[in-house]
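These protein sequence lines map, in sequence, to chains A and B.
Each residue of the first sequence is one higher than the last, beginning at 176 in this note's numbering.
Each residue of the second sequence is one higher than the last, beginning at 11 in this note's numbering.
Because the hints were derived from the structure by calculation, they are not lab data.
Please note: incorrect hints may appear among the correct ones.
To be verified - Computed list of lysine-lysine pairs in DSS-like fashion (alpha-carbon distance at most 27 Å, straight line):
#1 147(B) to 303(A)
#2 391(A) to 260(B)
#3 150(B) to 276(A)
#4 391(A) to 147(B)
#5 147(B) to 340(A)
#6 276(A) to 147(B)
#7 185(B) to 219(B)
#8 276(A) to 136(B)
#9 18(B) to 426(A)
#10 156(B) to 365(A)
#11 525(A) to 16(B)
#12 139(B) to 340(A)
#13 139(B) to 335(A)
#14 276(A) to 139(B)
#15 365(A) to 16(B)
#16 395(A) to 260(B)
#17 150(B) to 340(A)
#18 200(B) to 139(B)
#19 147(B) to 335(A)
#20 16(B) to 276(A)
#21 18(B) to 525(A)
#22 314(A) to 139(B)
Quick caveat: nothing in here was measured; it's all calculated off a predicted structure.
What follows is each chain in one-letter form.
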Amino acid sequence: MNKIRVSKFFLYPATYILCFATGAIIGVKTSLSLFPAGTVLLGIILFLVVFKLTRYAALIVLFMLGNIYALFFIYFTNWQFLSGCYVGTISSQVNQYSEDKIRYSFSFNAGKAVVESSDKKDLGYGDKVEICLSDEYLKKLDGGWDKYYLSNYLSNRVYKDPPVKYLERGRGFRRSLADFSDFIGRRFYKLWPGDKGTLAKGLILGGSQNFTEEVKEALKNSGTSHLTAVSGYNVAIITVVVFNLMRLISKRVAFLVTAVLLLSFVFLTGLTPSVMRAALMGGAYLLSKMLGRPKMTMHFLVLAGFALLLANPFIVYNIGPLLSFGATYGLIFAGDFLSKIASGPNNFWKIFLSTLGETTVAQIFVMPVLIYYFGQVSILSPIANLFILPLIPFAMFFEFIALVLSFTNFYVGIFFAKLVEPVLSYIIFAIKFFGSSSYAVVIISSVNFWAVVLSYLVFYIAGRIIFRKINLGNRVFGDHVK
Amino acid sequence: MDKSSKSKTRLINYLLVLALAILVAVWAAVFRGAEANPELSSSQIYFLDVGQGDSALLSLPQSTQVLIDAGRDGKTVERIAEAMPFFDRKIEFVVISHFDSDHVGGLDEVMLSYDIDQIIIATAQKDQKEAQELVAKVDKNKTDIKYVSRSDSVYFRAPVKGVVLWPEAKTEGLKDNDLSLVMQILGAGKKVLMMGDIENKGQLYLFAKNEISDLDTDVLKFPHHGAGGAFSEKLFELTTPEKVIISVGKNSYGHPSGTLIDFLKNKIIEFVRTDEAGTVRVGL
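With the rest of the complex left out, here is chain A (with noise of 0.2 Å):
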């Protein structure tokens, strides 16, 4: 039996690649040097090959082709420019980062980077312009800062205000995009005055840029931040609500909804990288449903987190991605198990726990990469969000709705617009109660990346204890042992 089980081990390809993932992060976290580590490693392949080990040797190269991978990536965008106006193009969406200054991220034929700017010119996606770059426009990065900067613009030179000449307007499919998602970004505020529009396009496609202090001061406090964090965690949420939802009709019809849901949510909101791997998690998470067979939904998971490292492994710094990856893993992982054992009198009280359930699963999940990513911990938190994530799914749901028909007809929008208005009312209300205490935070001055592995690691054996238990080992781990 358990020569079944360490064969069936070598049969996944997630193994292999979890190898090589695990290579590159390490890679980008410690940026270890090569020389030392590789003689190590080559001398234990050489160990395993000999004791035709070979499988284990595969894994090793493969790590270590993941470290190299790694340290190539951070050695090509290492960019040094010298000085001079350089022309090229916006090579990202402009974003209005503080109250009076924008961010983009510039190309051009010598490399690329970031440009801060209190000159609120009309820019937009693929504009040509003429920058000129020197040693006095350089930001000084303090902290993780240039790893921000990395795992967003894939640049951490950061240039503040240097001379901008506009030439050219950028054209094309991008560009038009771009331009609708800038348009819908402002539909919300105009569906929703206000904190409560800035909360509805928040948990849409992200941002809290436009709340009053007194809601941003209370969202740090009640440790809510999360809930216009970033927009990764948030489609996983919708995804799990329209899909119970649509399910009372049929599966088949709940997949294709979903499905093209998440499509028209991708191009919405101009392509932009943070929703494009927040919906490949969807999909994950869609397919799971549809195939009923997770074990192989979380290999298309490790394998889509895996073409998110390939394209830029200083995704590890980005909160997007990770709670977006958190959120999903939880829902494959729990999701069924929870979907099978919720029960009720009838189908919509049902499909009321199970999405509850895994909305909350969802939430377990990311729980140490918030804590690690905005180092600090509210004592209210818990009981915050379990007074406000319930409403999310539904709030987001029918405020997607307000947003399309306010294309259709924009009065039609805003009557709809109010039905949610009461709903987003109580969120910040909630937010702001829970929120109205600075004394409920608590402070973590560093939190280690390996601990938030180490927590998800714990995660996953304990959920392997649990389910072995009740049975339901088999659909989510392949475990043949009984």
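Fit chain B to the given chain A structure using the hints.
Positioned in the frame of chain A, the structure of chain B alone reads:
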């Protein structure tokens, strides 16, 4: 009936109930907005509780709104939403008294949520950096910029108009607060004098350049959040208000000044502070 068709029937029933609830809610809101709420058929002015800053919304019949100053931050748009009909996303006129952050800081958020037909700025402030930044920012296809100076009139919705009492197009020796746009709102019933942040020095010019009858008013928005530097007995002699509004929030400047409050109490002039009363609505 099998299990799946049963649940489908139930789904349809739920959807019907939901549709009915939407219908009732929508019509209730429409009736509340159009019939029960007198604000749509008469003129009101709301002195918005925006903290330490200035913002007032003049609401005229047929959903015409005039925003005078935009407060300090996003709080303004919150207050506006409370005072506007829920389906209305257009503010026809925005009057900017001057470009201090506690008067224009919330304008970006207002522009995000509401379309604006026209922004009115004093000609004397045209060359200020903040004015030029604002002009560069607005969408010229949707919003006009109008520059005004003393004795100009702006018709908001006939017969309601705003008459500019100050400043002149060119004014030597004055700056910042003393160049605040001072506007008398006429034709809505009661007269309302909006004074921005104009202080004693600027007020001397204001009194000298205008007839006493132009200055006489019913509701006075006291300048500069009740600052001592904006108070003079002459201001009250000339304007003779029935009601004084002090737009003020928590602050470290000592606003409103004790002298002003004592004076108002002694003269038994009715006054309201937005930090105590919240948003103040005055029917015109």
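Item to complete: Identify every previously stated hint that the structure contradicts and give their numbers, smallest first.
Response: Hints 15, 18 and 20 not satisfied by this model.
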